[in-house]
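Student: Please model the complete structure; the sequences and the hints are all you need to start from.
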Amino acid sequence: GDSVTQMEGPVTLSEEAFLTINCTYTATGYPSLFWYVQYPGEGLQLLLKATKADDKGSNKGFEATYRKETTSFHLEKGSVQVSDSAVYFCALHNTNAGKSTFGDGTTLTVKP
Amino acid sequence: DAGVTQSPTHLIKTRGQQVTLRCSPKSGHDTVSWYQQALGQGPQFIFQYYEEEERQRGNFPDRFSGHQFPNYSSELNVNALLLGDSALYLCASTVKGDSRGGYTFGSGTRLTVV
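First to last, the sequence lines map onto chains P and S. The opening position of the first sequence corresponds to residue 1 in the working numbering, with each subsequent residue numbered one higher. The opening position of the second sequence corresponds to residue 113 in the working numbering, with each subsequent residue numbered one higher.
No lab work stands behind these hints, which were simulated from the structure alone. Errors might be hidden in some of the hints.
Unchecked claim - Derived CB-CB ranges, DEER-like:
id	chain 1	residue 1	chain 2	residue 2	range
1	S	Val226	P	Gly29	38 to 44 angstroms
2	S	Leu123	P	Met7	30 to 36 angstroms
3	P	Ser79	S	Gly140	41 to 47 angstroms
4	P	Glu69	S	His179	29 to 35 angstroms
5	P	Gly41	S	Arg127	35 to 41 angstroms
6	P	Gln81	S	Thr126	42 to 48 angstroms
7	S	Thr121	P	Thr12	26 to 32 angstroms
8	S	Ser177	P	Thr12	39 to 45 angstroms
9	S	Gln129	P	Thr12	38 to 44 angstroms
10	P	Asp104	S	Leu123	32 to 38 angstroms
11	P	Asp104	S	His122	19 to 25 angstroms
12	S	Thr121	P	Gly29	35 to 41 angstroms
13	S	Gln153	P	Asn96	32 to 38 angstroms
14	S	Leu123	P	Glu76	16 to 22 angstroms
Unchecked claim - SDA-like cross-link-like pairs, simulated, lysine to any residue; straight-line CA separation at most 25 angstroms:
id	chain 1	residue 1	chain 2	residue 2
15	S	Lys208	P	Asn94
16	P	Lys56	S	Asp210
17	P	Lys77	P	Gly29
18	S	Lys208	P	Asp55
By construction, the Cβ of each residue, glycine as well, lies at the ideal position given by its N, Cα and C atoms.
Tutor: Next up, the structure:
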């Protein structure tokens, strides 16, 4: 079945540091890929998406590229801020199954 | 523009009891999916509803059931509660046929079973 593996956390960075959170997946067919962010006490918010190979999703300075050859969708940001502290989830959506499969999340803490 | 709203926000139930959680999808969305998020884990798919019928189901027992109403709102029912049912229950909505666009999630209902 479908699965998503995320880099284990927690990750602690200083403000303005470079961020990478690794994500790899296993899926049949051609899933769409997503990054969601969850702030304390809230639901998940869609951060960015890519629907086909070589697509780059971007939002709020975050980027991720759909790499079919390596089945990866790594999240990057060039300069993190304290306000980026949250839990980040990588996910794939299997259209045939009508559902998304999520990784276990990576907790990011950014210190001033 | 209201997003996805869920109620209640928190709930405490005793083992063996039954619970109903409610969800109103984002305006313009007609498809509702329910997910269970255990502490420290990613959400797990329970089921999906559109056109008032369950369309897809994850690996959850029959104790978990749902309903969708003509106004697209939805309920999740869990019978014979177990301690292991304690989790954050998330409702997510989309437009039918636009699943590649990603979900809009509600803030969830925190269920504690004691």
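Student: All the hints need checking, so say for each whether the structure fits it.
Tutor: A quick look at each hint next to the structure:
1. S:Val226 - P:Gly29: 38 to 44 angstroms: holds (42 angstroms)
2. S:Leu123 - P:Met7: 30 to 36 angstroms: holds (33 angstroms)
3. P:Ser79 - S:Gly140: 41 to 47 angstroms: violated (35 angstroms)
4. P:Glu69 - S:His179: 29 to 35 angstroms: Between P:Glu69 and S:His179, where Cβ atoms are some 43 angstroms apart, the hint is violated.
5. P:Gly41 - S:Arg127: 35 to 41 angstroms: violated (26 angstroms)
6. P:Gln81 - S:Thr126: 42 to 48 angstroms: holds (44 angstroms)
7. S:Thr121 - P:Thr12: 26 to 32 angstroms: holds (30 angstroms)
8. S:Ser177 - P:Thr12: 39 to 45 angstroms: holds (42 angstroms)
9. S:Gln129 - P:Thr12: 38 to 44 angstroms: holds (41 angstroms)
10. P:Asp104 - S:Leu123: 32 to 38 angstroms: violated (24 angstroms)
11. P:Asp104 - S:His122: 19 to 25 angstroms: holds (23 angstroms)
12. S:Thr121 - P:Gly29: 35 to 41 angstroms: holds (37 angstroms)
13. S:Gln153 - P:Asn96: 32 to 38 angstroms: violated (24 angstroms)
14. S:Leu123 - P:Glu76: 16 to 22 angstroms: Once the Cβ atoms are compared, 38 angstroms apart, the range 16 to 22 angstroms for P:Glu76 and S:Leu123 is violated.
15. S:Lys208 - P:Asn94: holds (14 angstroms)
16. P:Lys56 - S:Asp210: Judged against 25 angstroms, a Cα distance of about 19 angstroms means the pair holds.
17. P:Lys77 - P:Gly29: violated (29 angstroms)
18. S:Lys208 - P:Asp55: holds (23 angstroms)
Violated hints, listed in ascending order, are 3, 4, 5, 10, 13, 14 and 17; each of the other numbered hints is respected by the structure.
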